[in-house]
Structures are given as C-alpha cells and as structure tokens.
Amino acid sequence: MGQLFAVEIIYRGVFQKTLAKNITRGIVLAAHNEGKLGISFGRYGDSPERNGIPAKSFAIVASDAQTLEAGMAQYEPKQVDVTVVLDDTLCKGAESWAWYGLHPVHQALKPGGTLIVDSLQDAPTLLKGIHRRQEPYKLGIVKGVTSFSGMWVYKDDHTDVRILGAIAKALPAVVSLASIEKFINEKLKNPLKATSAHTTFERFTSMNVKPGEGNAEEPFSFQLPKWNNMRKGVSVNGQPQGGPYADPVTKEVGGFRPVRNDKFKKYSTRTMRPVVNFETCTKCTLCWLNCPDASFDVTPDGKYDANLEACCGCGICEAVCPVPNCITMVAETAFDGNASQWEAFRKDKAAYKEWLKATVQPAGERSHGFRYRGQYKEQIPAVLEIAEKG
Amino acid sequence: MATIALPVEEKKKYEQEALITGAEAIAVACKLANVDVVTAYPIRPYDTVMQYISQLKADGEMDCEYIVAEGEHSQFEIVKHASVCGARVFCGSSGVGWMYAMEALTVTPALRVPMVAMVGNRALDDPGAFGVEHNDALAVRDLGWLLNWVDSAQEALDTALIAYRVAEDPRMFVPCAISCDGAFLTHSQALVNIPTQEQVKQFLPPYKRGDLLLHPDNVISVAPQVNEDWVMEVRRQNYEVTERACGVIREVYADFERIFGRKYGNPFFEEYMTEDAEVVLLGMGTLSTPTRVAIRKMREQGKKVGFVRLRWFRPFAGVELAKCLERFKAIGVIDRDFSFGSPNLSGVVATEVRSAMYTGAATRPPVLGFICGLGGREVLVQDVEHMTDITFQAAKGKAQPLTQWIGLRG
Ligand code: SF4
Ligand code: SF4
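First to last, the protein sequences are chains A and B. Sequential numbering from 1 applies to the first sequence in the working numbering. Sequential numbering from 1 applies to the second sequence in the working numbering.
Source of the hints: derived by calculation from the structure; they are not laboratory data. Since we're looking at a predicted model, the values are computed, not measured. Watch out, some of these pointers could steer you wrong.
In silico lysine to any residue, SDA-like type, Cα no more than 25 angstroms apart, as pairs [said to hold, decoys possible]:
id, chain 1, residue 1, chain 2, residue 2
1, A, Lys226, B, Arg409
2, A, Lys78, B, Glu385
3, A, Lys232, B, Gly60
4, A, Lys21, B, Asp59
5, A, Lys78, B, Gln237
6, A, Lys226, B, Asn344
7, A, Lys226, B, Leu408
8, A, Lys189, B, Gly60
9, B, Lys31, A, Trp152
10, B, Lys297, A, Gln66
11, A, Lys232, B, Met99
12, A, Lys110, B, Leu380
13, A, Lys377, B, Asp59
14, B, Lys57, A, Leu188
15, A, Lys226, B, Gly128
16, A, Lys189, B, Arg409
17, A, Lys21, B, Ile194
18, B, Lys303, A, Thr67
19, A, Lys78, B, Arg299
20, A, Lys226, B, Gly375
21, A, Lys347, A, Lys389
22, A, Lys138, A, Ala334
23, A, Lys265, B, Asp126
24, A, Lys226, B, Phe340
25, B, Lys201, B, Gln382
26, A, Lys263, B, Asp126
27, A, Lys187, A, Glu34
28, A, Lys265, B, Gly128
29, A, Lys232, B, Ile406
30, A, Lys232, B, Ser342
31, A, Lys78, B, Gln382
32, A, Lys226, B, Glu378
33, A, Lys232, B, Asp337
34, A, Lys226, B, Ile406
35, A, Lys265, A, Gly337
36, A, Lys226, B, Gln382
Beta-carbon label-pair distances, calculated as ranges [claimed, not checked]:
id, chain 1, residue 1, chain 2, residue 2, range
37, A, Glu309, B, Gly410, 26 to 32 angstroms
38, A, Pro111, B, Thr359, 24 to 30 angstroms
39, B, Asp217, A, Trp99, 32 to 38 angstroms
We treat Cβ as the ideally placed atom computed from N, Cα and C, and that holds for glycine.
Using the sequences and the hints given, assemble the complete structure.
This is how it looks when you write it as structure tokens:
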C-alpha cells in the first residue's frame, strides 16, 4: 500500500455546491501535478440541489492506482485526514437530506486530523457548536465571509483557492503549495488567485483541540429498523393529532402543538432561524398558515412559536409577517440548542426583551444566494478585503 | 483499475487528460462520435450526462440536435425515428424513467435501430431512492438489446465508442445500452484519457443505414402493421443478430486495441487473480472495486480466490464463460439485482450462470447466489470476504443455501 489521503468538504446545498466541487477537483488536479492519482465526488445520498441542505464532497488522493482503489472500496470515506466546513453555522453538525441524524462535523476526522472552518468567528466561539469527542484534533480557521452563491452562478471570491492554500499548510503530504500554485496558474489561469492561495498558506495556523473539549450535547441519532421488524408495503405510522399544552408560568392549558415525527428533527439544516417578538405580534396567523413545514405551535395565549426542531429556516414567516420587525431571521451562529422562544418569553419578559435586542440587532448581511445581475461583483471587493486582512 | 493510470509513453497519444465522471466520459464519447441527435429528460443519476452534453453544446464544442422531451417515452421515440432517418443518436435514462420508456424500448430492436443509450443504474424506486440496482437495465435483457456494464469512467468512454461501432455494424443494427452504476460511476470524477478526434475517426465509420434508410430517395415504410403471420419471422431476424453478436464484438475490440492502444483483453468478461484460484466471485459493474481490494487482502491471508467481472450481459458469452468457470471448485455470483420467484430464488446473473454451466461446463461446481448492494447500499470489503468464506465452504463440499442476502439489516 502506498500513501492514501482523504479530504472531506462539508457545505450547503445550492449555495456552495460549485464551491465544494471546485475545491475537491482542485485537490485532485493539484496533487496530480505531483504524479498522484485521485478522484473527486459528492456524497450521493445528499441532495445538493436543495437550498442550504448540509452536504458533503470528497477528494481521495493516492500515490498509485492500487492504493487509490483501496480508498475507493468504500464510497464514502469513513476516515478523512482533513475536514473542511465551508459555512460555520454547520459546526453544529451536518444533517443530510437523506437523514442519518445529526453528525458531528469531525465524525470522519482521523485522530490528530485537521478541521478547517471558513469563518469570521474565533475558535472558542466555534467550539461552542462543535461537538466534543474522545480523540484530539486540530482546528484552524480560514478567516472569511461565508461564500454563498446560486444554482447557476458562482461567486468567484477566492474561497476555493484560499481553502486549497490552508489544506496545503495543514497536510503538505496530500498536496504542496507549489502544486496548488501550478494548478491555479495553468488551469484557472488567474495569478491573483495564486496569490490568495499563497497568502492563506502563509497565515493559516491551527490549534490543538483536546479530548472532551467542545459542545457537550449528544448529537441526535437513531437506529434503523431491521427488514423483519419494519412496517410492510413501504408505509410508516402516521402521527397522532396533537393538542393543547400548558403555559410554563400560569399552567393554563390551551393552544395547539401538533405531534411531529420524533425521528426527523432539524438542527443544522437551517442557516438562519426566525426570532419572534411576542409583544408586537398581532396574532394574525399568517406565519402559521404559510410555514411550509408546519413549524409553528399555537401557544396557550394564542401566539405563534416557531418550533425549532421542525423549522427549516426558509424565512417565509419573516416575509409574510405584517408587523415590522416582529419576525427576524438571524444567523444560526447566534444560538445554542432548539429551546422554545415563547417559553423563555413567558418565564422572563424583561430578559427576553434584552435577549431579543441583542440577538436581532447585529444580524449582519447574509446573502442566501443570487438576487440580481452584478450582485456578486459588488460583494467581492469587501469580501477580499476581509480575507486579505486575515 | 488498470485503465486509470496508463504508462507515460502511451499517454502521449492522447489529446488530453480530464477529471470527469463516468457520465461525463460518455458525453465526451458522444462528442467524439459526432452524434447528430440527443434527447434528454432528467432523472438522477443519468441526468449528469445530459447536463454535460448540453454544456458541451452551449460551449460550442459539440454540434448536435439537443431535444428535451416531455418524458422518457417521447425521449426514446424521438431518437428511434431520427435513427431510422440516418442520424447517429444518443439518449439514456435511469430506474423508473427507463421503465416509463419501456414501450419504445421494446420495439427498437425489431426496427433495427442502432441507438446507444446510457442507463445510470438506479433502484426501481417507490419512493425516492436513487442508489444503484441493476433491475432497470436488466428489464430489456430478453428484447434484443445489447447490454453491458462498465466499472470505470475510462471504460465508460471507450465502451460508448465501441457501442456505436458494434450497434451500427450493418450485420447488427440493434440498440446498445451501457450500464453505469449510479453514484459509484456516474458521479465520481476520475482521471480519464480522452482520445483524439483522428483516432475516433479511424475507428468509427459514419453511420450508413443502407436500404433501411427512411428517405425520399429510398422509398420504404417502416413499422407497418405486422399481424400474427409475420411476428415469428421478425423475431427470427433478431435472433440471427444475437448469433453474430459475439463475433462482431470481438472484432471491434481488436480494432479498438489496435487504434487506441488500450487493451481490454476478453471483451466479454475480465478475470482478476483467477490463474491459481480455487473459488471465484462473479459480478457486474463497480462492485469490482471492493471485490478486488478484498481479494488482494484475502490473498495475503493465503486464500486462493479470484474474480470474474462480466462486461457484456447481452450477448451472454455462455460457452466461453462456462469453460472459464468449470475449473473452479465453487463460484459465488454477486447480484446487484433481484428476480423474485426465479429458480432457486436467485438473482438474474446467478440464474444465467447456472444455465450456461449446465450446457457448457464439463464439471458441476456449486454456483451460489448472493444478493447484495441493492438500492445503492455499498458492497463492503467485509461483505466480499464473507461471501468468499461461504463459497469456500461450498468448495469443501459443505452444502450452502443457493441464495443468500448479504449486508441486510436483520
Ligand atoms: S423559517 Fe420557514 S420553516 Fe421556519 S418557521 Fe419560518 S416559515 Fe416555518
Ligand atoms: S405573522 Fe407576525 S403578527 Fe402574524 S401571527 Fe405571526 S408573528 Fe404574529
């Protein structure tokens, strides 16, 4: 057996599909400059054509054909040398459209391997989301604005080559910076991008994450049934109807909470979540009527509480709410867990108001893809500036 | 695997090396074959090929009629008609999309239409799963289609060129489907050597339909009403094609090797570490990857096991295969398909192998059937080791069930 390497890219469907593919292709083509062989592919069960869905893309690189074949014997590598997270809101775990439960981002990372995150946050903040584990690993940040683009358009903000530069630093055995620069100059034909890769290579550092360090939550998982204890006829049990529930303060029972599928929950599928100002809500019902995932619980006092185990973060509720700033979509990095906002509101209104103010206000620019011609051109200088400052 | 890395001298002959998927490799072959009419209708995993062809066309690299039909049935009808009018055609589908085209698929061989199709193998799903299973392509196995399975992007490209040459040979004029395992092949980008246009020109002559051409200068009517007193004779004509098929395929592979310098050896099946093997596994498509890796591992442990990868399922080189297999003590056939209610309840390939052995082999080694890797489930190295152990038990004379499900929960 020769040398075998696997790199995994965790990304958001549609918004980062092309970006992830460009990175894994770049790894293989750059490593090929050193005579290595490789393949690049996406996890097939994923559905990267769905907005924001967490998905994975891989590059396998080997020193010879037989070793490469050994690496290909399993479609999805179970052990990778480097994991790249292209959107820091995914640090809370990746949940595929094909639904295997919530997987920690370093689930496949070898002990001592490097986790690279594209983020403006610092390591302690990211570690609040990244699950703890038994094996140590390294965490490195490529400082940058999350790069999101659309289905048919690509924002060429150098994130691809910056990640390649970081990989060359983290694991020079898989591909050297020289090979990456050669690939960029010959295939991408853009000297500026070669400079970006070089700068990131120079700056990239990583820290050691000790066993047990990180988010203490147990990621949601479940067992798949055996063939002989599954329902027959490709059928599943329906959900009971649900019903009223109690106010945590007054104990008054009312409202309506549907019973939801206890296996299919949502965590990192969202890049944003709705934050509701229950004081200005007029109970108009529009959010509840329009939510595509029936995420709203009707509270005993007749308000609407987005249940975050059901919410996919589409933002429709924000768009339909007639009251200004009553529902605001906020980037997921601002939150831990899926706790009910309404319950927090009921328990301490003043504290909720404070939290609301602090959470909603800094909601910065976060683009869900392509809106109009020329949009990316406008965005790129600012993004590159942040990248250059490091 | 040998096709992924070529010796450097040999590489020089090629125009370029590209990192492309198996589906994209077939699209490149369509470009090189200068295909005239392409019809498309999206279904995963076949759709990668239609996307890539549309990109080649949009980039001005490929000149063809590109028609997006309103469903698979029309998709295959359109190319059928175009082919009768003398156009070189390409289409394809997957899973239930392929099945939706079934009426068009059934009549194509009788009309002597040399269409080339790619089947991106997919489970016949209800609902949703798009993982590989071979039952979609196998649905045409009795109808006069030529049918093969490839296991690398390079082989996909080469086989597409071979398929045009075989199908359009005037001794043949029948459709040919190239089966590519969904995901493992259709969606994995590997390094592929792309031959030059010159080489392809030398290998693949223009499509000439002769007196079967539907054209004002050649006044014929195709597919008139055929009543009961005609059908059996029509079928006999297709039977005649299948009698010739193996010979034509052998010729074309020899020519391929001469022009492109890439050797496939026996066109019909590929043997891996069989020389001194006591038992062999047999299967089709990309399960070859974990199987070869497992075999190398088991060889290190002293287990004499080999692998036979069937390339052409139609025609089925029964006599030759039986002669190859008769020397082993037991054979384990891995089916990525099912054939419910079949003899011994085995998969399609195991049943065919047993049938071929009954008439063609001098010995009667046990032929075990394994159903594995359905619906896109991976065939793991440990699954292959498990199947090999069972096959060794049979070789030692310990009776084993003739059909077993491997890698199942429960
Ligand atoms: S963001 Fe979308 S899914 Fe979530 S509560 Fe609002 S409308 Fe429903
Ligand atoms: S749409 Fe806005 S105002 Fe109407 S019920 Fe929902 S939160 Fe309240």
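Hints, verified against the model:
1. Between the alpha carbons of lysine 226/A and arginine 409/B the distance comes to roughly 5 angstroms, so the proposed pair stays at or under 25 angstroms and holds.
2. A hinted pair counts as satisfied when its Cα atoms are at most 25 angstroms apart, and lysine 78/A with glutamate 385/B qualifies at roughly 19 angstroms.
3. Proposed proximity of lysine 232/A and glycine 60/B is contradicted: the alpha carbons are some 51 angstroms apart, above 25 angstroms.
4. For the hint linking lysine 21/A to aspartate 59/B, the alpha-carbon distance of about 20 angstroms falls within 25 angstroms, and the restraint holds.
5. Proposed proximity of lysine 78/A and glutamine 237/B is contradicted: the alpha carbons are some 52 angstroms apart, above 25 angstroms.
6. Simply put, lysine 226/A and asparagine 344/B have alpha-carbon atoms about 24 angstroms apart, close enough for the 25 angstroms limit, and the pair holds.
7. The hinted pair formed by lysine 226/A and leucine 408/B meets the criterion: a straight-line CA distance of about 8 angstroms does not exceed 25 angstroms.
8. Between lysine 189/A and glycine 60/B the CA atoms are separated by roughly 21 angstroms; this keeps the pair inside 25 angstroms, and the hint holds.
9. For a cut-off of 25 angstroms, the pair hint linking lysine 31/B to tryptophan 152/A stands: about 23 angstroms separates their Cα positions.
10. Note on lysine 297/B and glutamine 66/A: the hinted pairing holds, with a Cα-Cα distance of about 12 angstroms set against a maximum of 25 angstroms.
11. Straight-line distance between C-alpha atoms of lysine 232/A and methionine 99/B comes to about 24 angstroms, which keeps the hinted pair within the 25 angstroms bound.
12. In summary, the hint linking lysine 110/A to leucine 380/B is supported, as the alpha carbons are separated by about 20 angstroms, within the 25 angstroms threshold.
13. Restraint check for lysine 377/A and aspartate 59/B: the C-alpha separation of about 23 angstroms stays at or below 25 angstroms, so the hint holds.
14. For the hint linking lysine 57/B to leucine 188/A, the alpha-carbon distance of about 22 angstroms falls within 25 angstroms, and the restraint holds.
15. A threshold of 25 angstroms between alpha carbons decides the hint, and for lysine 226/A with glycine 128/B the separation of about 19 angstroms falls inside it, so the pair holds.
16. Taking the CA atoms of lysine 189/A and arginine 409/B, the gap is about 50 angstroms. The hint is violated against a cut of 25 angstroms.
17. Proximity of lysine 21/A to isoleucine 194/B is assessed by CA-CA distance (about 21 angstroms); at most 25 angstroms being required, the pair is judged to hold.
18. For the suggested pair lysine 303/B and threonine 67/A, the alpha carbons sit about 21 angstroms apart, so the restraint of at most 25 angstroms is met.
19. Note on lysine 78/A and arginine 299/B: the hinted pairing holds, with a Cα-Cα distance of about 24 angstroms set against a maximum of 25 angstroms.
20. At most 25 angstroms may separate the alpha-carbon atoms for a hinted pair to count; lysine 226/A and glycine 375/B meet this at roughly 16 angstroms.
21. For the hint linking lysine 347/A to lysine 389/A, the alpha-carbon distance of about 44 angstroms lies beyond 25 angstroms, and the restraint is violated.
22. This hinted pair checks out: lysine 138/A and alanine 334/A have alpha carbons roughly 24 angstroms apart, not beyond 25 angstroms.
23. Of the supplied pair hints, the one linking lysine 265/A and aspartate 126/B holds, its CA atoms being roughly 23 angstroms apart against a limit of 25 angstroms.
24. A hinted pair counts as satisfied when its Cα atoms are at most 25 angstroms apart, and lysine 226/A with phenylalanine 340/B qualifies at roughly 20 angstroms.
25. With a C-alpha separation of about 45 angstroms, the suggested pair lysine 201/B and glutamine 382/B falls outside the 25 angstroms cut-off, and the hint is violated.
26. Between lysine 263/A and aspartate 126/B the alpha-carbon distance is near 21 angstroms, which keeps this suggested pair within the 25 angstroms criterion.
27. Between lysine 187/A and glutamate 34/A, the direct Cα distance comes to roughly 15 angstroms. Compliance with the 25 angstroms bound is thereby established for this hinted pair.
28. Restraint check for lysine 265/A and glycine 128/B: the C-alpha separation of about 19 angstroms stays at or below 25 angstroms, so the hint holds.
29. Proposed proximity of lysine 232/A and isoleucine 406/B is supported: the alpha carbons are some 20 angstroms apart, at most 25 angstroms.
30. About 22 angstroms separates the Cα atoms of lysine 232/A and serine 342/B, which keeps this hinted pair within 25 angstroms; it holds.
31. Annotation: proposed proximity of lysine 78/A to glutamine 382/B holds, straight-line Cα distance about 14 angstroms (limit 25 angstroms).
32. As the CA atoms of lysine 226/A and glutamate 378/B are separated by approximately 17 angstroms, the hinted pair is consistent with the 25 angstroms bound.
33. A distance of roughly 20 angstroms separates the Cα atoms of lysine 232/A and aspartate 337/B; the hinted pair therefore holds under the 25 angstroms criterion.
34. Pair hint lysine 226/A plus isoleucine 406/B holds up; C-alpha atoms about 13 angstroms apart against a cutoff of 25 angstroms.
35. Restraint check for lysine 265/A and glycine 337/A: satisfied, since their Cα atoms lie roughly 12 angstroms apart, inside the 25 angstroms limit.
36. Between lysine 226/A and glutamine 382/B the CA atoms are separated by roughly 19 angstroms; this keeps the pair inside 25 angstroms, and the hint holds.
37. Between glutamate 309/A and glycine 410/B, the C-beta spacing of about 29 angstroms keeps the proposed range 26 to 32 angstroms intact.
38. For the pair proline 111/A and threonine 359/B, the beta carbons lie near 56 angstroms from each other, so the given range of 24 to 30 angstroms is not met.
39. Between aspartate 217/B and tryptophan 99/A the Cβ separation comes to about 60 angstroms, which falls outside the hinted range of 32 to 38 angstroms.
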